[in-house]
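Please work from the sequences and hints to get the whole structure.
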Amino acid sequence: MADRPAGAEIPVATAESPAREAWRMFLRNRSAILGLVLLAAIILVSLFGPPLYGVDPFKIRGAPFTPPGVDPNVPLGTDHVGRDILAGMIGGGRATLAVGASAALMTVAIGLLVGAMAGYYGGLVDEILMRITEFFQVLPSLILAMVLVALFTPSLYMIAIAIGVASWQSTARLARAEFLRLKELEYVKAGRTIGATDRRLIWVVILPNALPPLIVSATLIVGVAILFEAGLSFLGLGDPNIMSWGLMIGSSREYIFDSWWSATFPGAAIFLSVLSVSLIGDGLNDALNPKLRER
Amino acid sequence: MPAADASSALLEVRNLQVDFRTRNGIAHVLDGIEFSLSKGEILGIVGESGCGKSMTALAIMGLVPTPPGRIAGGEIVYRGENLLKASKERMRRIRGNRISMIFQEPMTALNPVFTVGDQIAESIVLHQGLSRRAALDRAVELLREVHIPAPERRIGEFPHQLSGGMRQRIMIAIALACEPDILIADEPTTALDVTVQAQVFDLLLELQQDRDMAIVLITHDMGVIAEMTGRVLVMYAGRIIEAAAVDDLLENPQHPYTSGLIACVPQLSDEPEAEREALMEIPGVVPPLTELGVGCAFEPRCGFRMPVCVQSRPSPVAVGAGHSAACWLMEDADRQGADRQGADRRDGDRP
Amino acid sequence: MSGPADRPLLQVRDLKVHFRTGSRGPFRRQTFVHAVDGVSFDVPRGTTFGIVGESGSGKSTTALAIMRLAPITGGTIDLAGARLSEAEGNDLLALRRKAQIIFQDPYSSLSPRMRAGAIVREPLDLMEIGDPEGRDGRVADLFGKVGLRAEQQALFPHQFSGGQRQRIGVARALASQPDLIVCDEPVSALDVAIQAQILNLLRALQREFRLTYLFISHDLAVVQYICDEIAVMYLGEIVEQADRISLFKRPLHPYTWALLSAVPSAASKRRGRRRVSLEGDPPSPIDLPPGCRFAGRCPFAEDICRTEAPARREIFPKHWVSCHRVGDDGVPPHEMYPLANGPGGPGGPARP
Ligand SMILES: Nc1ncnc2c1ncn2[C@@H]1O[C@H](COP(=O)(O)OP(=O)(O)OP(=O)(O)O)[C@@H](O)[C@H]1O
Ligand SMILES: Nc1ncnc2c1ncn2[C@@H]1O[C@H](COP(=O)(O)OP(=O)(O)O)[C@@H](O)[C@H]1O
Ligand code: SF4
Ligand code: SF4
Ligand SMILES: [Mg+2]
Ligand SMILES: [Mg+2]
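Heads up: the sequence lines are chains B, V and F, in that order. When the letters of the first sequence are read in order and numbered with our numbering, they come out as residues 737 to 1031. When the letters of the second sequence are read in order and numbered with our numbering, they come out as residues 52 to 402. When the letters of the third sequence are read in order and numbered with our numbering, they come out as residues 132 to 483.
Derived from the structure by calculation, the hints contain no laboratory data. None of these values were measured; they are calculated from a predicted model. Just so you know, not all the hints are guaranteed correct.
To be verified - Each computed EDC-like pair below joins lysine to aspartate or glutamate, with the alpha-carbon atoms no more than 16 Å apart:
no.	chain 1	residue 1	chain 2	residue 2
1	B	K919	B	D862
2	B	K925	F	D236
3	F	K449	F	E360
4	V	K90	V	E63
5	F	K449	F	D459
6	F	K380	V	E324
7	F	K380	F	E466
8	F	K380	F	E360
9	F	K229	F	D209
10	F	K380	V	E322
11	V	K90	V	E326
12	B	K919	B	D934
13	F	K380	V	E326
14	F	K380	V	E63
15	F	K229	F	E219
Quick look at the structure:
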């Protein structure tokens, strides 16, 4: 009996991995593609724009408050000290995006570690870690980040770390819930019976299966982190030596009625970045959700 | 509206077609379903999962999700009225009042945030226009009828406070609230233990006898079919491939799929000493409904296949009194009085 | 004298698994679920031992405890002469090679992100079985043994049907050449037409490798078909245990009797027989009644049943039962006192 190939019933279809299948689903989603293209454009401009445009965003290049389209030298006009807005737009993206990405990475790293340990080990470990999480959760995160940045010298690293420390709790809860659910599944039990260590079960067996919701939440955190950075810079808590969109808005906040353009352009750039990231997040959510994938 | 003739069938389904649009094309989820149901009878529908049992029930209830589903043809005639032509409002009145349904998972069918009394009473108020007070009294009465102990106390409880068997009995009570003619039970005991299943079946039999109610019992278990039903439809890939009285079907199955279905499951027997032979296997799996060819849908798994089986689809052929099967093997059998119902109906319908 | 050769492969003695429930904390009430509460049995090498019972009776927990996947509250488990219940570290790993498990749900028992081949190879790598070069061949061999094709190693679980996934689970369990395979409802989640394929496969593998099975199921017909000896569990206890012929011919415990009569069967001789109706549902395993746990539903319960737990007695050779009212001569209560609403007993006419 055992030697008759009952497996003959299905053809060896393309051995498409779940990740590839998700990617294929993602590519079918128009708004996600729009988000991806938008984000790619923003990243490309931020990476290669500054050397091509070749203007120092801190340099004074024209009369203060030059409106856009008046002086061909400064197509988007100048701010209250005469700095080129276009140069700021091109040069400020690096810092904003870098802070957004590294803060999201930081958030996911802390959240995942805490959530995985709490969910996998349960019991006392869970109890203690969840108390700590709750403690951080009741602190208002913007204020926590402000305090952290104010205590240390404001630098991009510090800002990323501050945002991470202030916003990891929801990721931790998400990771914990996934680990709690997955560790009860039979394939994890089967792993134990074939001698897999806790370390292997957590990182090799459970994590890949817990990843989809975490990836989705990470994209949302990138958006939040960009806004956070803008908020901190707006409040004057950013690194004053590095141009960022948040810094541009923050430094021109007093002149918002005299030169609408100096805050509007970087504001639009932030809006588009956050929008593109959340479109990608939505697309990933649909692509990684096996129930929706059937359609 | 013509008055229902007492001798004719209560419900008649004729050439029912239901299609679903899927990622891989159109699936003919039900294809030429034809049967009738008389007053007080228990009709069994049996088959592997995905063969269209639940969809047949949903079509009768007017609950096929559209889209992606679509009723592509046929008639469902209840007491002389074609339900497929009935207005939404009319269907809502029939559903629950005249034809009721209970489902496999009694937990998900009950709303967790309302007490069971509220849920039964709601259905009574909705369909019979009783006052709330009177409806609650009626609910207590119904719970007593489905043998729930201390019904006065139970109506104040929430679904999660009850056991699975109790929840299924609540579902039956809701289904009975309006004294329906027809009760459709879709795998009502699959989630229950055997001793509890026996309680639910006793209850269903009692109700069928006391109220002369017709029951459509959907199951995948031949044992349940044997114990509960009078007549049986065997479904495969959206079609009825054999229909017969239960004893006839079990003693004398005609379609290769039916005999396979009976032989592949061990049955509890009183002679455990008998030699244990290898179980008969039905090789392979049900093909995706979007990939059916023009021939017999069972052909890839059938041990009796012939060249003709790939070329065209067999139609139901009468093989005895009230016994029909759709298989090319039947064509050679005695065809006296063979009622080729539905033959060639959909020829040319397929590429 | 019994040498090690005829010692049972698996010996379970007074196994207890209690789970703590309710919230933690110094002032809150502690309750325990008595999932398994003093279970003992032996499984001889090369045989199939069945455990039947309704949901919540503790079948899976017994299986998980034997696999060391559930915390053992008390009692011992010996596998091939070694104390499995107390083994740790490398000793435990060595014993794990000898005992493997097949789960019920073929969907949650395979990691969706691993290829079928990698799933079957994992135990070989983790338990360092054979030399690494030979493992590819061994995996291909295992695929053949369970009726899959070697090319299918490259596929992911979602590309297989339920029955085929169960075959992958069987191949994974076979990888370490175990002596004992615990099968926890291995066919319950499968479509009726697919169950026979897996049952036949399990029987063929048993003959080929002289495997020992602990087979758990709520389906009495399947248990009757596949098991040599059967234990009936009710609320964490074994209430009756016998070989398959005795148990199905003449059940002694009123619960077994009622359970057997409740199974609908298409077998011609059983059709149309009246069922015994048990009232009510099993009590909760948290607040266990004193005395016999079945007393609340037993049609034959007497005062002693509600106060004193019945002892386990060997009424016939290798036929154990825990019931006050089974006579020492082996006549069960349902034969002495036929019920007005019940059959003469599923085992045929009452003895003279
Ligand atoms: N919303 C839907 N979209 C697409 N196909 C559907 C949908 N609902 C049901 N189907 C298909 O219709 C067919 C019949 O479904 P149905 O639920 O009636 O099967 P069943 O025999 O009752 O199975 P089971 O025993 O698993 O409940 C199946 O092939 C199913 O995949
Ligand atoms: N981890 C757990 N925590 C608390 N109770 C549990 C746990 N696992 C099982 N139980 C309880 O133990 C009893 C027996 O469970 P189980 O062995 O899974 O039953 P089954 O016979 O259906 O396989 C049930 O009442 C169940 O709710
Ligand atoms: S028609 Fe042909 S393939 Fe289909 S069941 Fe009959 S013999 Fe088998
Ligand atoms: S001990 Fe008493 S209550 Fe328990 S099964 Fe026997 S007769 Fe019934
Ligand atoms: Mg169904
Ligand atoms: Mg179980």
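For each hint, the structure was consulted:
Under the criterion of a C-alpha separation no larger than 16 Å, the hint pairing B:K919 with B:D862 is consistent with the structure, at around 14 Å. Pair hint B:K925 plus F:D236 holds up; C-alpha atoms about 12 Å apart against a cutoff of 16 Å. For the suggested pair F:K449 and F:E360, the alpha carbons sit about 9 Å apart, so the restraint of at most 16 Å is met. Of the supplied pair hints, the one linking V:K90 and V:E63 holds, its CA atoms being roughly 12 Å apart against a limit of 16 Å.
Restraint check: the Cα-Cα separation between F:K449 and F:D459 comes to about 15 Å, which is no more than 16 Å; the hinted pair holds. Our distance criterion of 16 Å between C-alpha atoms is met by F:K380 and V:E324, whose separation comes to about 9 Å. Annotation: proposed proximity of F:K380 to F:E466 holds, straight-line Cα distance about 13 Å (limit 16 Å). For the proposed pair F:K380 and F:E360, the alpha carbon gap of about 13 Å is at most 16 Å, so the pair holds.
Proposed proximity of F:K229 and F:D209 is supported: the alpha carbons are some 12 Å apart, at most 16 Å. About 7 Å separates the Cα atoms of F:K380 and V:E322, which keeps this hinted pair within 16 Å; it holds. Under the criterion of a C-alpha separation no larger than 16 Å, the hint pairing V:K90 with V:E326 is inconsistent with the structure, at around 43 Å. For a cut-off of 16 Å, the pair hint linking B:K919 to B:D934 stands: about 11 Å separates their Cα positions.
With a C-alpha separation of about 15 Å, the suggested pair F:K380 and V:E326 falls inside the 16 Å cut-off, and the hint holds. In summary, the hint linking F:K380 to V:E63 is not supported, as the alpha carbons are separated by about 45 Å, beyond the 16 Å threshold. Straight-line distance between C-alpha atoms of F:K229 and F:E219 comes to about 15 Å, which keeps the hinted pair within the 16 Å bound.
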